[in-house]
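Q: Since the structure of chain W is provided, determine the placement of chain D on it from the hints.
Below, each chain spelled out in residue letters.
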Amino acid sequence: EAQVTQNPRYLITVTGKKLTVTCSQNMNHEYMSWYRQDPGLGLRQIYYSMNVEVTDKGDVPEGYKVSRKEKRNFPLILESPSPNQTSLYFCASSLFGGSISNYGYTFGSGTRLTVV
Amino acid sequence: SQQGEEDPQALSIQEGENATMNCSYKTSINNLQWYRQNSGRGLVHLILIRSNEREKHSGRLRVTLDTSKKSSSLLITASRAADTASYFCATDGETSGSRLTFGEGTQLTVNP
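Which chain is which? The protein sequence lines are W and D, in order.
Numbering-wise, the first sequence is residues 1 to 116 according to this note's numbering.
Numbering-wise, the second sequence is residues 1 to 112 according to this note's numbering.
Bound-form chain W, shown alone:
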C-alpha cells in the first residue's frame, strides 16, 4: 500500500531531551515536507526536501533539523525540544515539488508531540 509512515504516533518528552520523528514513504516520491498543525494557526511548513541531499527551510524552521540521505526517509530532529514545540506534526510527500509540480501531497497519520 502506498503510504507515508510516521513514528511515533504519540510522544511525551521533557524539555531539552533530543528526539527524532521518523518519516518514510514507499512511493519513490522526490519531494518530502514536514508541517506542524496548531489550533488557530493551521498548518505551517517546517522544512522541505526537493530530493536526496536537498533540504530547505519552510515558514517555521527554528528549533528543528532535517536530513535527506535516502529518497524514502526524511526524519525530523528536535535537538533541544521546548514546550512551544508541543504540536501535531505531519510528514508529507509528493512525486515532484516545485512550482510546476501539479501533484497532490500524501500525508502521514501524524505525530502528537507533547514537551513538558
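Check the hints yourself; a few may be wrong.
[To be verified] With a Cα cut of at most 30 Å, we get these calculated DSSO-like pairs of lysine-lysine:
1. W:K17 / W:K71
2. W:K57 / W:K71
3. D:K26 / W:K57
4. W:K17 / W:K65
5. W:K57 / D:K70
6. D:K56 / D:K26
Simulated from the structure, these hints should not be mistaken for laboratory data.
A: Just chain D, lined up with the frame of chain W:
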C-alpha cells in the same frame, strides 16, 4: 503567512443536503488543492485544480476556481454522515517555491 482562507469556519447540514465551502487566496497560484482531515488524523488529498482550469469534478465533489477573484469553492453533493471532517484548501503559489500554503479549514458536520 496563511494564503488560503476558508469560509465558513464551520458548517452543519443534514444528510443528503449539499455542502459548499469557499476559499480565498491572495497571490497568483499554479494550482489549488482541497484536502480533508478527520479529527487528529492525516490530511487526505481530494482534488487539484490548475490555474488554467475553471471547474473540476471527482465523484460527489465539484471544485470551481475563479482566478480573477482569487477564490475557489468545493461542493459536496448528497452529503453523508461520513463526510463529517475538516476541509482545507491549499495553494501552490507561483512565487512560493516548493510549498503548499494551507488555510485554517472549514469544519463540516453532517447530521444523520
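Q: Give a verdict on every hint.
A: How the hints compare with the structure:
1. W:K17 / W:K71: Roughly 27 Å separates the two Cα atoms, so the pair holds.
2. W:K57 / W:K71: Distance of about 18 Å is within 30 Å: holds.
3. D:K26 / W:K57: Since the Cα atoms of K26 (chain D) and K57 (chain W) sit roughly 22 Å apart, the hinted pair holds (cutoff 30 Å).
4. W:K17 / W:K65: The given pair, whose Cα atoms are some 14 Å apart, holds under the 30 Å limit.
5. W:K57 / D:K70: OK: K57 (chain W) and K70 (chain D) at ~27 Å, within 30 Å.
6. D:K56 / D:K26: With Cα atoms ~21 Å apart, K56 (chain D) and K26 (chain D) stay inside 30 Å; holds.
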